[in-house]
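Chemist: Chain residues, written in single-letter form:
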Amino acid sequence: MSKTLFNSGHTACAGCGQSMAARLVVDAAGPNTIVVNNTGCLEVFSTKYPESSWGVPWIHSLFENGAAVASGVESAIKYLGKADTINVIAQGGDGGTADIGLQALSGMLERGHNILYVCFDNEAYENTGIQRSGLTPYGANTTTTPPGAGAKSMGNIRYKKPMPEIANAHGIPYVATASAGFPQDLQRKVKKAISIKGPKYIQVHSPCPLGWRHETSFTIEVAKLAVETGLYPLIEYEFGMISSRRQIIPKPVEEYLKVQGRFKHLFKLPEEIKKIQEIADNNIKKYGLKVEG
Amino acid sequence: MKEFLEGSQAIAEVIKLCRPGVISAYPITPQTHIVEGLAKMCADGELDSQFVNVESEHSAASVVLGAVATGVRAYTATSSQGLFYMAEVLYNISGMRLPVIMTVAARSISAPINIWNDHQDVVSLRDAGWIQLHAEDIQEAADLHLIAYRLGEDKTMMLPVMVCMDGFILTHGVETVNMPIQEEVDKFLPAYNPPYKLDVTNPMTLGPLVDPDYYMEARFALNETHKEALALIPKITAEFAKVFGRNYNGLIEGYQLNDAERVIVAMGSVCGTIKEVVDELKKKGKKVGLLKITSLRPFPAMHIYQALKNIPKVAVIDRALSIGSFAPLSAEVKAVFFGKPKRPKAVSSFIVGLGGRDITKDSIKEIFRLLTGKEKQGEFIDLKPELLKESYE
Numbered sequence: 042m043s044k045t046l047f048n049s050g051h052t053a054c055a056g057c058g059q060s061m062a063a064r065l066v067v068d069a070a071g072p073n074t075i076v077v078n079n080t081g082c083l084e085v086f087s088t089k090y091p092e093s094s095w096g097v098p099w100i101h102s103l104f105e106n107g108a109a110v111a112s113g114v115e116s117a118i119k120y121l122g123k124a125d126t127i128n129v130i131a132q133g134g135d136g137g138t139a140d141i142g143l144q145a146l147s148g149m150l151e152r153g154h155n156i157l158y159v160c161f162d163n164e165a166y167e168n169t170g171i172q173r174s175g176l177t178p179y180g181a182n183t184t185t186t187p188p189g190a191g192a193k194s195m196g197n198i199r200y201k202k203p204m205p206e207i208a209n210a211h212g213i214p215y216v217a218t219a220s221a222g223f224p225q226d227l228q229r230k231v232k233k234a235i236s237i238k239g240p241k242y243i244q245v246h247s248p249c250p251l252g253w254r255h256e257t258s259f260t261i262e263v264a265k266l267a268v269e270t271g272l273y274p275l276i277e278y279e280f281g282m283i284s285s286r287r288q289i290i291p292k293p294v295e296e297y298l299k300v301q302g303r304f305k306h307l308f309k310l311p312e313e314i315k316k317i318q319e320i321a322d323n324n325i326k327k328y329g330l331k332v333e334g
Numbered sequence: 002m003k004e005f006l007e008g009s010q011a012i013a014e015v016i017k018l019c020r021p022g023v024i025s026a027y028p029i030t031p032q033t034h035i036v037e038g039l040a041k042m043c044a045d046g047e048l049d050s051q052f053v054n055v056e057s058e059h060s061a062a063s064v065v066l067g068a069v070a071t072g073v074r075a076y077t078a079t080s081s082q083g084l085f086y087m088a089e090v091l092y093n094i095s096g097m098r099l100p101v102i103m104t105v106a107a108r109s110i111s112a113p114i115n116i117w118n119d120h121q122d123v124v125s126l127r128d129a130g131w132i133q134l135h136a137e138d139i140q141e142a143a144d145l146h147l148i149a150y151r152l153g154e155d156k157t158m159m160l161p162v163m164v165c166m167d168g169f170i171l172t173h174g175v176e177t178v179n180m181p182i183q184e185e186v187d188k189f190l191p192a193y194n195p196p197y198k199l200d201v202t203n204p205m206t207l208g209p210l211v212d213p214d215y216y217m218e219a220r221f222a223l224n225e226t227h228k229e230a231l232a233l234i235p236k237i238t239a240e241f242a243k244v245f246g247r248n249y250n251g252l253i254e255g256y257q258l259n260d261a262e263r264v265i266v267a268m269g270s271v272c273g274t275i276k277e278v279v280d281e282l283k284k285k286g287k288k289v290g291l292l293k294i295t296s297l298r299p300f301p302a303m304h305i306y307q308a309l310k311n312i313p314k315v316a317v318i319d320r321a322l323s324i325g326s327f328a329p330l331s332a333e334v335k336a337v338f339f340g341k342p343k344r345p346k347a348v349s350s351f352i353v354g355l356g357g358r359d360i361t362k363d364s365i366k367e368i369f370r371l372l373t374g375k376e377k378q379g380e381f382i383d384l385k386p387e388l389l390k391e392s393y394e
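Those protein sequence lines, which keep their order, are chains A and B.
Residue 204 in the working numbering is what sits at position 163 of the first sequence, and the numbering runs on without skipping anything.
Residue 219 in the working numbering is what sits at position 218 of the second sequence, and the numbering runs on without skipping anything.
No lab work stands behind these hints: they were computed from the structure.
Some but not every residue of chain B turned toward chain A, in silico, with C-beta under 10 angstroms:
hint : residue
1    : Phe52
2    : Ser60
3    : Val65
4    : Ala68
5    : Val69
6    : Ala70
7    : Gly72
8    : Ala75
9    : Val90
10   : Lys198
11   : Leu199
12   : Thr206
13   : Leu207
14   : Asp212
15   : Ala219
Label-pair restraints from in silico Cβ distances:
hint : chain 1 : residue 1 : chain 2 : residue 2 : range
16   : A       : Thr126    : B       : Lys236    : 36 to 42 angstroms
17   : A       : Lys193    : B       : Lys390    : 48 to 54 angstroms
18   : B       : Phe339    : A       : Tyr90     : 35 to 41 angstroms
19   : B       : Tyr215    : A       : Gln172    : 23 to 29 angstroms
20   : A       : Ser194    : B       : Ala44     : 54 to 60 angstroms
21   : A       : Gln172    : B       : Glu184    : 55 to 61 angstroms
22   : B       : Ala44     : A       : Ser236    : 28 to 34 angstroms
23   : A       : Thr126    : B       : Lys243    : 38 to 44 angstroms
Subject to a maximum C-alpha distance of 20 angstroms in a straight line, what follows is the list of computed SDA-like cross-link-like pairs (lysine to any residue):
hint : chain 1 : residue 1 : chain 2 : residue 2
24   : B       : Lys346    : B       : Ala332
25   : A       : Lys119    : B       : Gly46
26   : A       : Lys119    : B       : Glu47
27   : A       : Lys309    : A       : Gly189
28   : A       : Lys119    : B       : Cys19
29   : A       : Lys193    : A       : Thr183
Just so you know, even glycine gets a beta-carbon here, dropped at the ideal spot from N, CA and C.
With these hints in hand, go ahead and build the complete structure from the sequences.
Modeler: Next comes the structure, spelled out in structure tokens:
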């Protein structure tokens, strides 16, 4: 195996999708990269003092300010005249990105900093024990959206916040979704992003065996199923327009849902599974995901 | 060179001379004139800094954190609610040992909302791990910024410093200020060259997770460095005097303490008013004096003890509250004497000038007068009793 900038020996759970995705991102960016990390699983499992997995300069400050700290790092690099040689990546989980860190991220995108922001989307506050975030999908069982006894609750009643579209609405040059299940696609998007000047946003679907309750050996498969059902479309926007989409021969959403404990309760509620199929169908239609002919 | 300047303008000019590479701020009254001045200098090409207009004070503090961590000198300024919104980041900056320098235009805290001067914002943040220096006038405020950079960036310190200047009174007041020139500043303040930074040629992990096996030592070290700052501050102010010809102790300043029988302890611009009253009363044969505290953090306990141990009656002026307890500065000054062989017969505590209520010479004279009587606990001066009669019943 070739040399990596994110070394093994960290304390991530077996089958952690985020640890795989984080390694793919930093290795694609290369050694001339400074990484700013929000608080979250990745920060916790990769930097427990006195050890660190990171082979690049790396800084963690707080839960919600990674985009702002990165803005300071990038401004300092500009002041030093090194803006053309050093990449700045800000990264965080879905909570640190789409909820508590949304303001700092919006500021970073709006100000035009030359920074790639990567959101590792594992669809809940997994680090604190699987609480619901704004990116938790419809129907998911989390510790703060538990399905209740009887028909009182079916889990998370809200749809995923459309973060890629929110990022895109800032008029930035590059937005993409990616998946831990498609490593080459993810690395291609990171490389493309850092070749473009200005703010970039990539959201990486990163399965969490602990929170999603799937087999630890099944991480890549689960990530692939999310894409293949149309529930996690892989798309790229360049200068506001969709420039690519991964096309699929759509599988029924049950194939994705049935391998995860977080959706198990829905199989007693067929009308809810129907609603999730509608989410996938809408995505397929909206983004033109279906392979033609 | 002597110039007639608004306080904010003097601070902006001095910050320019310190050559920060990154400036970031979010507008809040009465801090705005300082950063407006710096923005204009950047726009005019007089100042080679990256000026980052952020969406909040939380991000302003985070931007300067990131810049200093990258090895570049940085500056920010705020006030009141803005300081509170930064609070989480401020503790983080000191814990990460990053010498960020910030001006705080000291202002009251909402509610009720009030934009005028007191010390509730800065005093509430006294435990944030920052060195906290309080200016009496515009000249001192300007000079303390030079001292702050030199002090915070000292390799034995690596601490953030906030320079507190009373909102409006000093930020919008106009005084004749002896402005330093670039050559003097460059002589006094070397380029920022930190022992650690984000550098692709020498990758480091900053801000890691630290478990119970290591955390306490990091906090202990921060606390110890504040103690060491007590020794370093007078050394740096002595060097400052050599270059600029103005003498500050940097920790405390005694005024007419030699034969004083009644002394007021205070911070900030009210010290100027107190000095005038002391001069007037001295002429009438009254033995009165002032002890000004410049450094609230580190707290110069031994220096205060030495200055006050033989004073019979002491009054501590607080311009902030610790609601439900003793007024904060008074509690700390009193603690100085516990278990010590000598102490004043009385250490009274007075609350004055909250939310911009004027502290007049009469207010100060009233405090000196009350000092002749029994020890007072948290006595409010210039309160309007007629306003306290209103009720919802």
